[in-house]
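Student: The chain contents come next:
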Amino acid sequence: MMNDLFFSPDPTVKAIARNLYEGVKNLPLLSPHGHTDVRWFAENEPFNNPTDLIVTPDHYIFRMLVSRGINLDLLRIPRRDGSRAEGDPRTVWDLFAKNFYLFSGTPTGLWIQEELKSVFETDIPLNEKNADILYDHINACLKTSRFLPRSLYERFHLELLSTTHRATDDLSWHEKLARSGWQGKIIPCFRPDDVTDICQLDWVENIRKLENLTGENTESYQGFIHALRARRKDFINHGCQSTDHGVESPYTHTLTDIEAEKIYSRALMGKASQEDRQQFMAHMLMIMANMSTEDGLVMQIHPGVFRNHDKKLYEWYGADRGADIPLQCEYTRNLKELLNTYGHHPNFTLVVYTLDETTYSRELAPLAAYYPAMHIGPAWWFNDSFQGMRRFKESVIETAGFYNLTGFVDDTRALPSIPVRHDFARRIDADYLAEITARGILSQKEAEVIIQELAYGLTKRVFHL
Amino acid sequence: MMNDLFFSPDPTVKAIARNLYEGVKNLPLLSPHGHTDVRWFAENEPFNNPTDLIVTPDHYIFRMLVSRGINLDLLRIPRRDGSRAEGDPRTVWDLFAKNFYLFSGTPTGLWIQEELKSVFETDIPLNEKNADILYDHINACLKTSRFLPRSLYERFHLELLSTTHRATDDLSWHEKLARSGWQGKIIPCFRPDDVTDICQLDWVENIRKLENLTGENTESYQGFIHALRARRKDFINHGCQSTDHGVESPYTHTLTDIEAEKIYSRALMGKASQEDRQQFMAHMLMIMANMSTEDGLVMQIHPGVFRNHDKKLYEWYGADRGADIPLQCEYTRNLKELLNTYGHHPNFTLVVYTLDETTYSRELAPLAAYYPAMHIGPAWWFNDSFQGMRRFKESVIETAGFYNLTGFVDDTRALPSIPVRHDFARRIDADYLAEITARGILSQKEAEVIIQELAYGLTKRVFHL
Amino acid sequence: MMNDLFFSPDPTVKAIARNLYEGVKNLPLLSPHGHTDVRWFAENEPFNNPTDLIVTPDHYIFRMLVSRGINLDLLRIPRRDGSRAEGDPRTVWDLFAKNFYLFSGTPTGLWIQEELKSVFETDIPLNEKNADILYDHINACLKTSRFLPRSLYERFHLELLSTTHRATDDLSWHEKLARSGWQGKIIPCFRPDDVTDICQLDWVENIRKLENLTGENTESYQGFIHALRARRKDFINHGCQSTDHGVESPYTHTLTDIEAEKIYSRALMGKASQEDRQQFMAHMLMIMANMSTEDGLVMQIHPGVFRNHDKKLYEWYGADRGADIPLQCEYTRNLKELLNTYGHHPNFTLVVYTLDETTYSRELAPLAAYYPAMHIGPAWWFNDSFQGMRRFKESVIETAGFYNLTGFVDDTRALPSIPVRHDFARRIDADYLAEITARGILSQKEAEVIIQELAYGLTKRVFHL
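Chains as they are written, first to last, in the numbering used here: chain A, 8 to 472; chain G, 8 to 472; chain S, 8 to 472.
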């Protein structure tokens, strides 16, 4: 790693930052929420090639290429029907390398640069000229046992990795991994949007899968609720510690059983309205919170995204293709019912994320600084960046303190970026703490305690790891 | 005070900041808006104990303790019915001391630390170990004449202190204070939310009190208006210079007399709707502005808070218990009618505050940079902090300049925090002005003038003190 | 120019900033969007006097004076009926000079200071005492050939200057300028708000003008569309490269021809509703985008302003008098239809601006970082300032990179401020790039390339200059 990356050039601040960073840089990594594929670890096969490892799964990368006119077929991104444009992974890599200058100043650019250095141990800069050399270098690495998925897990000093699964996932890869005897700790997170969002195109199909997986009769709302409880139990049996909810709005509201049943029936008949959908999701958040008070799963809410903004792209290539755009988000009114009902429950932990930075100081920090159940998740997605993390800390800490946060969550689908993202978070925290320490806002001693909390302690406690 | 608290570690900036701060650190304090209790000064009795002075009245403190699971009974916060949990103030203090680490990085944490140093003259850090020593030390201080309320006022170098009162307050403590012959200047601020918010639970009762206090027949809307005018006169007779309005939205709109009368009648019958409430409050802001053009009271608006977000807490402990959460706020459309009607009136001054920082650069600065009547109040409540004040200045000054601001307003209910808050504001202003001076944006001479204005001059002029 | 204006006092950052700035400070100026008057260059007559050159056309200046109680008649701002208050331009200048301290810390204050230095070559500070000396000095300058409009264009090293025109402008001054043989490149921008906003008071009149100018029958919606296409052709014949749209909301939506015809008919009869207006403008944005895919004009959207907030002022003095106040703005949903339809079109370039800074990281950067057609315009109007430009870059670059931006656009109506504004933008870019370079986020080499792009390259390519 570059020695002073992200640190203030001011000598006073830099000296404090270095010292704080030294204290945490070698702590193990906790990854309580993310999107890597458990199958990699269950099978432990070598990754195909640099393109399939680095470019293909990462919408942070290809959306930027798309933005300058490179289409997804040129990048051989899998289509909805499973097909892929003809072509060679090396050609895609060359295109990526040639356009890597587009990532100047972005976290993705820095992640890739640091992955090359620290994971693939090369100092060759990524550009058009070096594209092939780097492709060959990485490809050769991937053939070695040091680069097998489990080896990477161990090399990265991961202590725990959570993978995210739909309610209809049978967790068979977790099952296989568990039987393998490998000691790495990979646990599933329960994300039931596929069955709680009644307007999803495949919702009826998902409800049927849910029935098959649980044996509950999902023709009725009550059976549906039983099925959800059953699936939470399955997930818990595979080590699950948390749920996640990707709702458009964090609106929470309890319906009567009769209201819920009516909407559920309409949905089964394909007749649910957008208003039904909104009410039902608000209700499902209440139900999920309630179940969390029983089974102790930490509840995460990731709201406020307009998914699949580019309709044609969605029809051709499906979800998670870089066309998800944030929306304004409101928490004060929307979370009121949930926090009034469960906000003081001793067995309930709620982690709320946002892409709407205006809510940091205005809504999230005041809410977390009052309700015991609530913690604020770290700067998310587009804001998992130097400036994004600064704005987060500048906006929430003065109201919520440090102890109503969760510590860092990488939330990545790019495996080799994991150690780099944690390292960056630790550096950026060190820099920020150093700055306020240099201004006398924290004592050196306080800063030393807090950076441990942000890098490890808080995450471990908040996510019950 | 710590010598360089808040100042940039950059030597150039720090040198300028020190110099600017030196020029204002000993200026007298103007406190044109706040929530201390006039009774303290009227009676001039010793404060009970450290807990009752520092912890019990300050929702900044206990909301943070609540957020980590300590309930209000453990803190012996008075309940709505006037009762209090059994227990000893020392035990509450110990709990506070033990959890004081939660305040790391928050303004409350820094205020307390500096109060201990500069008001209670001790360097012992507040923590579990020192809890009792500090309790005894502060307790002993409070028994001495130097810590009587009036002595504190004088030691703090206060030139004026405003206390906030409901329209139904008889101002008897101000009366007593006036008769005492003491020279301190403590004036009331007129905050009529108790009679203008027709959906408050005790509204009808308040209307009756208003009748009793003024002799006006408040059965009719016209009588209500007369009563308000009478109360403004009463307040002015006790030195009042300003009104304050804690509305949920800053919407302003004039109703016809007939419309206003109808809503008022519905309200008296307990039949007012939320829409009635909104229209009536919008109308009352217009009425209050109109009266200000006549009697010269400076009009303050503190909008955009969801009061008593935690319903159960509110039922048990009442208002101002730390569960007030900001809301998104809109000023451009909402203040239009008020500013179109009175924005150029030579006898009208409007001070607008916000907790929605998104409105600083987008709405408040452009409005204040156009309408002569309007000034922007300083960073308020959650944002009365190092980063909060920086964001405020970074966002408003480039559009509104310095002369459309009001200077610092402490807005506190924690008496010993007053000198500390002013000192912090002066330091943070010095630091910010130093930074832009070091960049050539201000000349040294401009900065020296401006810091005087922010610390004293603007406040004196804008609030007509 | 002051040598280190805006640069960080940190020696490391300052050294890098100076170096970056050196690389671009002498690049020619591209001004692809602004509001200067083509007539100045067509006639090439001396400017009347300092007041008419500097104060009268610049609402940035007089709104600040208004905000402290100086009315527009005192400033001799032209009234709607063409009249002007009695008085002497020198008296207005004196009033401006006396109140120039109000601009401390604002970009306008800095622009004026630097104009005096670099354009009028004097070091005398503007204040009450020096008002007359400066008036005489500038006045004397204006009589010389070096200060004729075309000379200023050349001295400023302008390569291209765009002036903005209504759809009903006959472009006769552009015509005259073209016939003059002068080599300066001054092109018109097509801003058809006068005919697309069906609720403008003079809309019917404008529609008639449009008919006269084009010979198309604008009684029918289809004729109106033909007329718009014809006017675009006229503008293109005078060198036009872009359109501009000053809509209140960036809502985009295609109506059927029948729907559009109905609204158009209602508008001709003076019966269009606000809902009609909103739908029609949304539709016109789609029509304009469609025409851009045909004729290649770059489409600019400047949304989110409440125009003429002060109704009485508007009635007396007309538009652009400093009482335009920004509004909250939404892009994710509003631009969806436009971006879904044309966002990947190879012949379409869309430049989106905002005054709602909350949309930088939340909406604009994610949209521009995905759709090939879209670029984000620079910090606009109130935010064309040191802090405004910093916030812009801090918020958009990490998501959108540098190559989805447009480079600097001055957007000014104050001719002598043009070189100063470009110089400031280059300095502020240099400072920001230096800071992130000092932190290791960019390499020195990347920063050197990027500052060229921001100062010149991007603007040239994005605006097809």
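By construction, these hints were calculated from the structure, which means they are not laboratory data. Misleading hints may appear alongside valid ones.
One copy or any two copies: either way a pair holds, since identical chains are not told apart in the list.
To be verified - Simulated pairs of lysine-lysine, DSSO-like, Cα-Cα distance not exceeding 27 Å:
#, residue 1, residue 2
1, LYS269, LYS32
2, LYS467, LYS150
3, LYS319, LYS183
4, LYS319, LYS21
5, LYS278, LYS318
6, LYS319, LYS150
7, LYS21, LYS452
8, LYS452, LYS124
9, LYS21, LYS240
10, LYS452, LYS136
11, LYS452, LYS183
12, LYS343, LYS278
13, LYS343, LYS318
14, LYS240, LYS467
15, LYS105, LYS136
16, LYS136, LYS278
Student: Now look at each hint and say whether the structure bears it out.
Tutor: Consistency of the hints with the structure:
In this assembly of identical chains, the alpha carbons of LYS269 and LYS32 never lie at most 27 Å apart, being 54 Å within a copy and 67 Å across copies at closest. Proximity of LYS467 and LYS150 under a CA criterion of 27 Å is satisfied in neither setting, with 34 Å inside one chain copy and 46 Å between copies. For the homomeric pair LYS319 and LYS183, neither the shortest alpha-carbon distance inside one copy (37 Å) nor that between copies (48 Å) is at most 27 Å. Neither within a single protomer nor between protomers do LYS319 and LYS21 lie at most 27 Å apart by alpha-carbon distance, with minima of 48 Å and 48 Å respectively.
With identical chains, the CA atoms of LYS278 and LYS318 are at most 27 Å apart within one copy only, with a shortest distance of 22 Å there and 36 Å across copies. Proximity of LYS319 and LYS150 under a CA criterion of 27 Å is satisfied in neither setting, with 37 Å inside one chain copy and 61 Å between copies. Taking CA atoms no more than 27 Å apart as the test, LYS21 paired with LYS452 passes in both settings, with 16 Å inside one copy and 23 Å between copies. Taking the shortest alpha-carbon separations for LYS452 and LYS124, only the inter-copy value of 19 Å comes in at or below 27 Å, while the best intra-copy value is 33 Å.
For a Cα distance limit of 27 Å, the shortest separation of LYS21 from LYS240 qualifies neither inside one copy, at 48 Å, nor across copies, at 58 Å. In this homomeric assembly, LYS452 and LYS136 come within 27 Å of each other (Cα to Cα) only across copies, at 16 Å, whereas the closest approach inside a single copy is 48 Å. In this assembly of identical chains, the alpha carbons of LYS452 and LYS183 never lie at most 27 Å apart, being 46 Å within a copy and 49 Å across copies at closest. Proximity of LYS343 to LYS278 under the C-alpha cut-off of 27 Å is restricted to the inter-copy arrangement: shortest distance 25 Å between copies versus 29 Å within a copy.
For a Cα distance limit of 27 Å, the shortest separation of LYS343 from LYS318 across copies, 9 Å, qualifies, whereas the shortest one inside one copy, 33 Å, does not. Taking the shortest Cα distances, LYS240 and LYS467 sit within 27 Å of each other inside one copy (22 Å), while across copies they are farther apart (60 Å). With identical chains, the CA atoms of LYS105 and LYS136 are at most 27 Å apart within one copy only, with a shortest distance of 8 Å there and 60 Å across copies. Taking the shortest alpha-carbon separations for LYS136 and LYS278, neither the intra-copy value of 56 Å nor the inter-copy value of 64 Å comes in at or below 27 Å.
Taken one by one, the earlier hints fail for this structure at numbers 1, 2, 3, 4, 6, 9, 11, 16, listed in ascending order.
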